[in-house]
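Undergrad: Chains A and B supply the protein sequences, listed in that same order. Quick note on numbering: the first sequence equals residues 1 to 112 in the numbering used here. Quick note on numbering: the second sequence equals residues 1 to 407 in the numbering used here.
Treat the hints as calculated values from the structure; they're not laboratory data. Watch out, some of these pointers could steer you wrong.
[What the hints assert, rightly or not] What follows is a list of derived Cβ distance ranges for each label pair: (1) B:PRO350 / A:VAL53: 44 to 52 Å; (2) A:GLY41 / B:LYS187: 17 to 25 Å; (3) A:HIS42 / B:LEU306: 24 to 32 Å.
[As the list claims (entries may be wrong)] Restricting the straight-line Cα-Cα distance to at most 35 Å, the calculated cross-link-like pairs of lysine-lysine (DSBU-like) are: (4) B:LYS385 / A:LYS34; (5) B:LYS256 / A:LYS12; (6) A:LYS34 / B:LYS35; (7) A:LYS107 / A:LYS40; (8) A:LYS17 / B:LYS376; (9) A:LYS12 / A:LYS40; (10) B:LYS303 / A:LYS3; (11) A:LYS40 / B:LYS185; (12) A:LYS82 / B:LYS256; (13) A:LYS9 / B:LYS35; (14) B:LYS187 / A:LYS60; (15) A:LYS60 / B:LYS385; (16) B:LYS185 / A:LYS34; (17) A:LYS34 / B:LYS256; (18) B:LYS376 / A:LYS40; (19) A:LYS9 / A:LYS40; (20) B:LYS191 / B:LYS376; (21) B:LYS35 / A:LYS12; (22) A:LYS9 / B:LYS385; (23) B:LYS256 / A:LYS40; (24) B:LYS376 / A:LYS34; (25) A:LYS60 / A:LYS72; (26) B:LYS187 / A:LYS40; (27) A:LYS90 / B:LYS256.
[As the list claims (entries may be wrong)] So these bits of chain A aren't anywhere near chain B, every CB distance computed over 12 Å: (28) PRO57; (29) GLY84; (30) VAL100.
Built from N, CA and C at the ideal position, the CB exists for glycine as well.
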Amino acid sequence: MRKIEAIIKPFKLDEVKEGLMEIDVKGMTVTEVKGFGRQKGHTEIYRGAEYRVDFVPKIKLEVVVPAELVAKVVEVIEQRAKTGQIGDGKIFVSSLEEVVRIRTGEKGKEAI
Amino acid sequence: MINAGDTAFVLVSSALVMFMTPGLALFYGGMVRTKNVLATIMQSLTIIGLVTVIWVLWGYSLSFGPDVGGVVGNLSWFGLMDVGLSPSPNYASTIPHQAFMIFQGMFAIITPALITGAFAERMKFSTLLVFIALWSTLVYSPLAHWVWGSGGWLANLGALDFAGGTVVHISSGASALAAVLIISKRKGYGKEQFIPHNLPMTLTGTAILWFGWFGFNAGSALGSNGLAAAAFVNTHVAAATASLGWMFAEWIHHGKPTTLGAASGAVAGLVAITPAAGFVSPVSALIIGGLAGVLCYGAVMAKAKLGYDDSLDVVGIHGVGGTWGALATGLFASTVVNADGANGLFFGNPGQLWIQFLSVIVTCLFTFTMTLAILKVLDLIMGLKVSEEEEIRGLDVTQHSEAGYSF
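Pulled out of the complex, with its shape left as it was, chain B reads as follows:
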C-alpha cells in the first residue's frame, strides 16, 4: 500500500543524496591545485552519468534483484524490468518500487565518487571511466546485495548497517587504500607543496555534504516516521561533535584550529554515524561523532608517516571513520531506539560487536582485493596514470582542454 508521506520523503531524500555528489566534487575540487580543479570535479560529475546508466541497466538488478545464493542478485530486473510503480514485495512496502530504486541509485553513485579523492591529480580519465564501470558492477553491486539485498548473506548474519557504513564508506575507504598502493605517488610528493587552491570551495562542498546527508541517513528509514527523525538527529549531532573533535585535536597537536580541520571532522562524523544513525540514542551519537573526529585526525596524521599518497584522505576519513562507525554500532546500538535492530555491547549484547567486526573484515577484504585486481588489469591494458608531462601541466588542460580559471 503506497503511503503519500513516505513516498514524498524518500523522493526528496533521493534528491538530497544526489546533491551530495556535486557537493563532494566541490569538497575535493577545492583541495587540489589550480591546474587540476576541473578534472577533479569532472570525475564526480561523470560518475553521476555513468553509474546512473549502469544502475538502470544492470546495477540495480545485481544489487537488489532476486537472490542467487546470498551472493548477488540475478539479471531478471535488467533495464528495470518488473521494477514498477507499486511497492516491491521485499523492500520498502509503502513506496513505489521505483522510488526505492532511485534512492539506492544515488548511493551507488556517490560511493565510487568517494574513491576518486585517493588518486586525485594523477588518474587518466579514460581509465577512470572503465574502472568505475567495473567497480560498480563487480564490487558495489555484490556488496550492496550482501548487506541490503533480500537474501544477502551479511544481512542474514545480523550485521547492522543503517545507511551504508560498510557498503559506502568502508568499501570506498578500502578501495582507496588499494588504489594508492597501485597508482604511484604524485610527482614531487613529499618534496613540493600540495596546498589546497580554494578552501572556500571545499567548505561550500562540506555544507552541501552535511545537508545532503540528512537524506542519506534519515531517508534510509524509507518512511516519514520516528525512525527517520532519530536518524536525522543523530546525523546532525555526530557531525557537530566530530567537527569540534577534529578541531580541538588539531589545535592541541598543531597549535591552530583550521577550517579544513573543522570541515574534515564534520565529514568524518557523518561517515561514522552512517551505520549507527537508526540504532543509537543522541547521546551515543555525541560520543561516536566526537571520537570519530579525533580518530580520523590521527589516521590522517599517520598517513604522512606511512608515506602513502592518498591525495584527499579517503582512507583516513571514509575507511577509518566507516570502520569506527560500524564497530560503534556494535557498542551503542539499542533496541529501545529501534526494535528491529539489536543491542550492542554496552546494552548487554557483546555478540553484536563480533558480528560488526566480521562485517568490517569481510567488506575490507572483498573490496580491497577486487579493487587491487581491477586496477592491476587496467594498469596492464590502459595505464592508470597520466604521463609525467601531463601531470606537470595539469589534468584540466591535458585531459579536458579547459582551464578552471582565467585571470
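Extracted from the complex, chain A is given alone in its bound form:
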C-alpha cells in the first residue's frame, strides 16, 4: 500500500478529484494548507506599507491506494493539476504499513 500526498493549486482540486474517481480511487482526504516552494509568496500593500506574504494557500490531497495503482494515480494528478506555471505543487509517495477500517475491523488492502 502506498500513501500519495499531493500539494496542488486550490482551483485544480475539482479536476484532480474527477480524474481520480474515473480511475476508481475510493476516497481521499483534502486539507487547506499554506506553504511555499519556488513560487514564494506575494506582496500586499496596506496604506502604502508593503507586507510580504510568504505562505501561499494550497490544497493538500491524501490518497491511499494499493501499490499497483500508484503509477496511474500519480499520472492523473500530474496531468490534471498542471498549469505549466510556477507553483503547480508536488506529489509525494510513501509506503504505508497498515490500514484499518474502524467500523468493521478489516485490515490491509480490504480496508482501503
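Model the placement of chain B on the given structure of chain A, informed by the hints.
TA: Quick look at chain B alone, frame taken from chain A:
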C-alpha cells in the same frame, strides 16, 4: 422664532452625525487584527455613552454656557438647566436650544472617538474611560468654546471654521500625536505584520462616515437653506476628489490602486473640507479634496519613516487633513459664497491665511500639551497599556471576555 424646516433639518443632521461614530467603529474595527476587533469597536461605542452623560451634565455648559473671559463657559447650564425648547439668544435662532445642544453633542462624541485609532490594539479599557472623561472636559469643551462659544476668543479673532476642522480634526490629530509619543508601540511593531483583518468592514464604515458627514457639514449651517446646500455639495465633491487623489498617488508610488487607499482618501477629503465647507465654491472644494488625498497619503508614508506607531493613522489623516483644510479655508474662502465669512488669500485677503495659521498653531499646542499631561498622569496612576501577555492574547478576550468571531 422656531422654523419647522430648520428644526427638522438640524434634528436629522444630528442623527446623521450620531451614525458617524458607529461608522468610525467599523472603519477602525476592520483595520485591526481579528483578536482586537471588538475592543476597537467597543471604544467608540462606550464613548457614545460616556460623552453623552458628560455633555448633558457639564460638557455643554462648559462649551457653550455663559462666557468666562473668552476661555470657557461657566457651569450655570449644568444638567441642561436653562437649555430649553425655545431658541437660545446666542446660537441658532430658528431652532429649539435643545436641538442645537444635541447636534453639538454628537460632535463632542465623535472627536475623542477619532483619537482611539492612534492607540488601537494596546490601550487598557479602564484607563481609556478616565482619559476620555478628562479629555472631553478639559480639552474639548474649552476648545469648542474658543471657536464656537459666544464670546470665545478664537471666534473673536476671525478664524473661520465652518464645521469643526480645528475643534474636531486638528484637536484629535494633535492629541493622537501626543498619545503615540507616550503609549509605547505595539509588540512586534516593525517586525510582525499588522494586516487589516476585514477590509469590507472598513469600507462599510467609510460609506457610513461619508453619509453621516452630510449631517456634520451641511447641518453646521444650522438651517435648511442655501448655505446648507453649498456645504453639502462641497462635502461630497471634496470626498470624491480626495479618494481619487489618494488612489492615484498610491498607484503611481506603489504600483497598485487599493480599496483601503480609496477609502482613506475619501475620509481625508471629508476632514479637509470640514472647516471650509460653508465658505468655498465647489471648484475650490475639488482642489482642496484632491490635494488632501495626496497630502495625507504622503503623511501616512512619512509615519513609517519616523517610526511612530499611530496604529490607524489618526495623525496622518485627521491632523494633516485638518491642518490643510484650515489653511485652505484661508486660501479659498470667498464672501461670494458666504457673506458672513471672509475672503481668503486667493480672493485678495492674505490676512485671513495668517488668522487660520494662528488658529491651527493654538489648537495644536493646546490639545497636544493637555493630552500629553493627562496621559502622563494616568500612566503614573493607572497605566495606559495592557500587559504584554494581554496584548498578545488580544484585547477582545482580555478586556471584554469575548471573541469577535467563532469559526
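Undergrad: Which earlier hints turn out false for this structure, listed by number in ascending order?
TA: Hints 7, 8, 10, 15, 18, 22 and 24 not satisfied by this model.
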